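Visitor: Residue numbers (this note's numbering), protein chains in the order written: chain A, 15 to 281; chain B, 15 to 281.
These are calculated hints, taken from the structure and not from any lab test.
Put simply, identical chains are the same to the list, so a pair is met inside one copy or across any two.
With a cut-off of at most 25 Å between alpha-carbon atoms, the simulated SDA-like pairs for lysine to any residue come out as follows: (1) Lys42 to Val109; (2) Lys83 to Gly55; (3) Lys57 to Pro240; (4) Lys57 to Leu35; (5) Lys230 to Glu260; (6) Lys230 to Ala259; (7) Lys252 to Arg280; (8) Lys178 to Asp37; (9) Lys83 to Leu100; (10) Lys230 to Glu204; (11) Lys178 to Gly239; (12) Lys230 to Leu214; (13) Lys178 to Glu238; (14) Lys178 to Glu98; (15) Lys178 to Ala259; (16) Lys252 to Ser237; (17) Lys178 to Leu214.
Since this is a predicted model, take the numbers as computed values, not measurements.
There are 2 protein chains.
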Amino acid sequence: MATLIEITDAGDPRLGDYRDLRDVQLRKSLESEHGLFLAEGEKVVRRAVESGHAPRSFLMAPRWIEGLKDVLHTTDAPCYVLSEELAEEVTGFHVHRGALASLHRIPTPPVAEVIQNARSVLVLEDVVDHTNVGAIFRSGAAMGFDAVLLSPRCADPLYRRSIKVAMGAVFTMPWARIEDWYDAMPHLSEAGFTTIALTLADDATPIEEAVAGVDKVALVLGSEGPGISERWQRSADKRAIIPMAEGIDSLNVAAASAVACYVAARR
Amino acid sequence: MATLIEITDAGDPRLGDYRDLRDVQLRKSLESEHGLFLAEGEKVVRRAVESGHAPRSFLMAPRWIEGLKDVLHTTDAPCYVLSEELAEEVTGFHVHRGALASLHRIPTPPVAEVIQNARSVLVLEDVVDHTNVGAIFRSGAAMGFDAVLLSPRCADPLYRRSIKVAMGAVFTMPWARIEDWYDAMPHLSEAGFTTIALTLADDATPIEEAVAGVDKVALVLGSEGPGISERWQRSADKRAIIPMAEGIDSLNVAAASAVACYVAARR
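All chains, full assembly: derive it from the sequences and hints.
Guide: Following this line, the structure appears as structure tokens:
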């Protein structure tokens, strides 16, 4: 059972993991330096623990303890109990969903391991927005995709905002960081995948045609602004487009991924 | 040509339209009371004006004037010119994209007018998140939908955040507020539409089947948490689902709308 520790001072050094949650830059360095991530809300905290992430600690107002009793029973980590006002002072925002947990990251597996038994994978190049990364994980999971691969510059799926938007899919969906950006497409082709880059290029074929009859598919999505790099577009097996109404530039990357995953799931 | 007026005092009363842009509650009441809305960024400002919204005023740092010269030439509204630091002081946030404009709202047309020549319409019930409303407009426009109808409690498509996410689609896509919530579905059916409610109900048919062969379609999407109300679910002509992987609760409403619009566009 987690040890309940009452906190009455917002400056208590034991609360270091929970400081200034709205300061993205500070959180990024703090979380990567200490190998931790934050889960917010009863549902997400439960999913994080159940998916095998060891808690470092919990932080919550008294009224949330009962609902998470079963989770707290599985660990020896401390549970800091404090008023909602104090929690707001520490974290810098109103903790809507009551409970927070700080958890140890699990080292991400190599790409080869993640794609070994996969039939459908999503590959993201430089998607830098946490909301988009979370939304793409959620849609990919809903459409039965098996894994997500992230280019080195993609936003962190275990950042609080990504987790929240993904509704926990970042815990259940296997994912890995691509180390060799330059040869990412040929490596996937060698592993038996047909790499299909979503693009607005003139020679792109409609996504439905591009996925037809393909066995192992790697759907590639680019960053919010410039889309997929020249290198990846040229080294992908196919370039595909989601047909759009005349005069429309493009879909948001999260919307595009939902549509592309839906179509690919029906190939 | 707009009159350029140099501003050196953040408290200048002429800047009332631009105060505290991060305060959602304050902005909501200010904008509805005065029948105005805010556009942010050169591209969005241009689209807002070009779509026929009369500017009340503009606010920008000197370096943005050149890029919007053609737009400023079309109006007599004042253009307040001030430093970026002062702009931040007034608005309460860093104005990334430089230019702001305050514009007069155009009275929204009645539902009957908006659907008169439409073949595909989106109907949103109580989608309260501005980001979701904006994303749904953008996807609907991309998929060639003709109009959007909003239940009385839906978030404002002309709120700054909605406009930004929609990439201006809120200006070009006709939309209207539904006044009679209770009979919204039967009214659409009487107007010749097949109303299809996106739901997780047990008797829902896959969306592809639901739209097959349908001429005039009204795709109905529900609020972020509880989905579509009982009343609308029961009074819609069909209930449809986007097939999902086992164990997944649901898609985000913006992702669901993108998929549903894509499928409906191919009916």
